[in-house]
Every structure is written in C-alpha cells, then in structure tokens.
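Visitor: Top to bottom, those sequences are chains A and B.
Each residue of the first sequence is one higher than the one before, counting from 187 in the numbering used here.
Each residue of the second sequence is one higher than the one before, counting from 187 in the numbering used here.
Do not take every clue at face value.
Copies of the same chain are indistinguishable here, so a pair counts whether it falls within one copy or spans any two.
The list that follows gives simulated cross-link-like pairs (lysine to aspartate or glutamate, DMTMM-like), each with its CA atoms no further than 20 Å apart [to be verified]: (1) 374 - 199; (2) 301 - 312; (3) 374 - 288; (4) 374 - 346; (5) 347 - 361; (6) 347 - 377; (7) 347 - 240; (8) 301 - 199.
Bear in mind the hints are in silico, worked out from the structure with no lab data behind them.
Note that this is a predicted model, so its numbers are computed, not measured.
Number of protein chains: 2
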Amino acid sequence: MFMLARLVPTEAEMESLPIARAFTLLEPGPAVLVTTNDGRRDNAMTISWTMVMDFSPTFALTTGPWNYSYAALRDTRECVISVPTVDMIDTVVGVGTCSGTDTDKFEKFGLTRVKARHVRAPLIRECVANVECRVVDIVERHNILVMEGIAAYFDSAREEKRTVHAVGDGTFIVDGRRIDRREMMRSKLPDGL
Amino acid sequence: MFMLARLVPTEAEMESLPIARAFTLLEPGPAVLVTTNDGRRDNAMTISWTMVMDFSPTFALTTGPWNYSYAALRDTRECVISVPTVDMIDTVVGVGTCSGTDTDKFEKFGLTRVKARHVRAPLIRECVANVECRVVDIVERHNILVMEGIAAYFDSAREEKRTVHAVGDGTFIVDGRRIDRREMMRSKLPDGL
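The shape of chain A in the complex, shown without the other chains (with noise of 0.2 Å):
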C-alpha cells in the first residue's frame, strides 16, 4: 500500500524556490510535516521544534527515539520538511497524534505524494512548500538532528497560504498579517534576497 508507484511525477507538480530561500519557510516557525522513507514505506510525523541555523539551507529539529520516524531519519539521513497551511489544521494534529507503526498517514489523511528529485521520502502535493532535506548531524546528546536543505518547492497558485503556529499546549495560532521592514533590515539581510 506504500507503492512508489502512486507517486505523482515532480516535474508536473512542483514550483521550485530557489534554495537559498528555503530558510524564509521556517524561521516564522510554523508546524511542519516530516516525511520520510525507511526502504519500504513513507511515513509523515508533525514537528514544531524546529529551528533555522544561518542564512542558508541549515535546519535543526529536535526528535528521537520515541518518534517512528526517528529510525528512518538516522539510517537514510533524508527527509522531506513539507508546510502545511491553516486548512490543514486537522491533518496537522491528526499526522501527529497517530504513528506509522500501525497506520498509512498518506492514505488516512488523504495526502497526495510527490515524487522528490534528491531523496526517497515524498514531498506532499498540499502542502504550500516542502524543502528536500539531508540530515548532516545528529546530535545524540540532545536529540538534534541538523538538516542541510537541498531543493525547496512553494506552491505560489494556492490560494490559503497562512501556517499555523503551535504552542504546545494543544492550540495553534493562524498567521496574521505581515509587517515590512526590509529596508531598516538592509544590512542584515543576505544579497539578493
């Protein structure tokens, strides 16, 4: 039931972002969806600890050993990072509170696989914007798993693009609106961007 061959082809799907944007998707720190593929299956897991590291594609997140998902993280060392949006509030916390151990998320949650370009996990056709991902590092000691970006897709013709926000305590806050301050950010800001 987890056929590679019910993987919709890349090229016809998916917007590519230039990568070294890939890191505007979640520094405003929305809950994602993790995809990965352990040789014989995919899976997705929910993750909100995440954190961008530099003006580059550098990711950390932190998981571990109770997640499913961990084992295929540690021995593939690839993943896919996919931003869902508010409509997908359910999907969301369902993808996160059921584990591939026993269930097909995809197919629970009616979600669309995309076949990557770089890696074996799936990008997910709904969601706004999904980056490729290597793991370069895992940091046991804290469970940290440091990801480098390696190609990155945002869906510009969605129409809903507000993530959500997860607080933790089971309530998740909608973007609101966005406030402009590139210019008294000039200096700080890569070239270019």
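Fit chain B to the given chain A structure using the hints.
Guide: Same frame as chain A, but now just chain B:
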C-alpha cells in the same frame, strides 16, 4: 550608564508563570530579545533562531562569536529570553540592527530593566513574557546554545499580546486568531498543562 541601581525590583513588577509552561511562550516561534550581563553591563540582542526541545523548559538558540552577546552567554552561562509584542516591532528590528559594542540598547530603545531572581541579566518590563535561563551546553560545531529555563513571567494585564514571527527576509508575520485542538491532542500533552 548600566548601573544596577536602575534595575526595577522584580516583586513589584512581574507576575510569575509556572516554569512548566515556559515552552509554550517559545514554541510558536516568536522573534525574541535575549538579554545578558557580562559582569560590567547589560545588553540585548534580537534572535529568531530558537527551538523548543522538549515538553520542559529546555530551549535551543543559534548564535555565535559574530554576536557581541555571545561572549557574555559563553562566560556567564546565563541570559533572559524576553518575548516582545507587535507594538514593539521597531524595537525588535532596532535591537537586531545595532551592536552592544557601541550602544546602550536599553537606553536607546527605552526598555525598562527589571531585576531577575536567579540571573544577572535583566528582565524587560515592556515584554509580554520573560524567561530566566541558564546555558546548559554549547554545541560549538553548530553554534547551538542549549538553555534551561529556571523562572518565567507573563504579563497577563498587558492588552497587546500578539507576537511577531520573523520571516528572515525583513518581513514579519503578526499572530492571527487561535485555533483550539486541545481535545484532539490530549494524549500527547503533559498532564496539567
């Protein structure tokens, strides 16, 4: 000009929050101010590269020698993480675009320093939340500092509580509405949260 005598006493000014709830202040991903005291004077920096690491008051942030505050963090192993609100957006950007090497940021941005209970770094009166922290580890190869929160404060009387999320490109997303999924998540949350 950084006299301790100017610190406002804690008891009169700050409402405590149970430390077990401190992670809920940071998990949504707000841009924060981090204060330090290097033994001579107070400083503050803006950080949006933070991560909750557990259902406990354990947090990570990314910084390094390129930030003036880093030496104080490394040497004193203490700081305060303060959470500003949207009405403080120009303070958030301003603190992040000048340096403690030549600027008294508390003076420049009109921030009121309140004496912390356990650390020498000051709380910031104007922020909606403050967390006193100890640096428990520095993962040097990734410039990750691991913090343990030891006391937390939340200003429930403050009218404006919306935080801002740095996108990384000079824009910021303001908190919107809140969605409640406590019941769906009950099995995953610590008791009593």
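Visitor: Check each numbered hint against the structure and report the violated ones by number, ascending.
Guide: Numbers 1, 4, 6, 7 - these are the hints that the structure violates, sorted from lowest upward.
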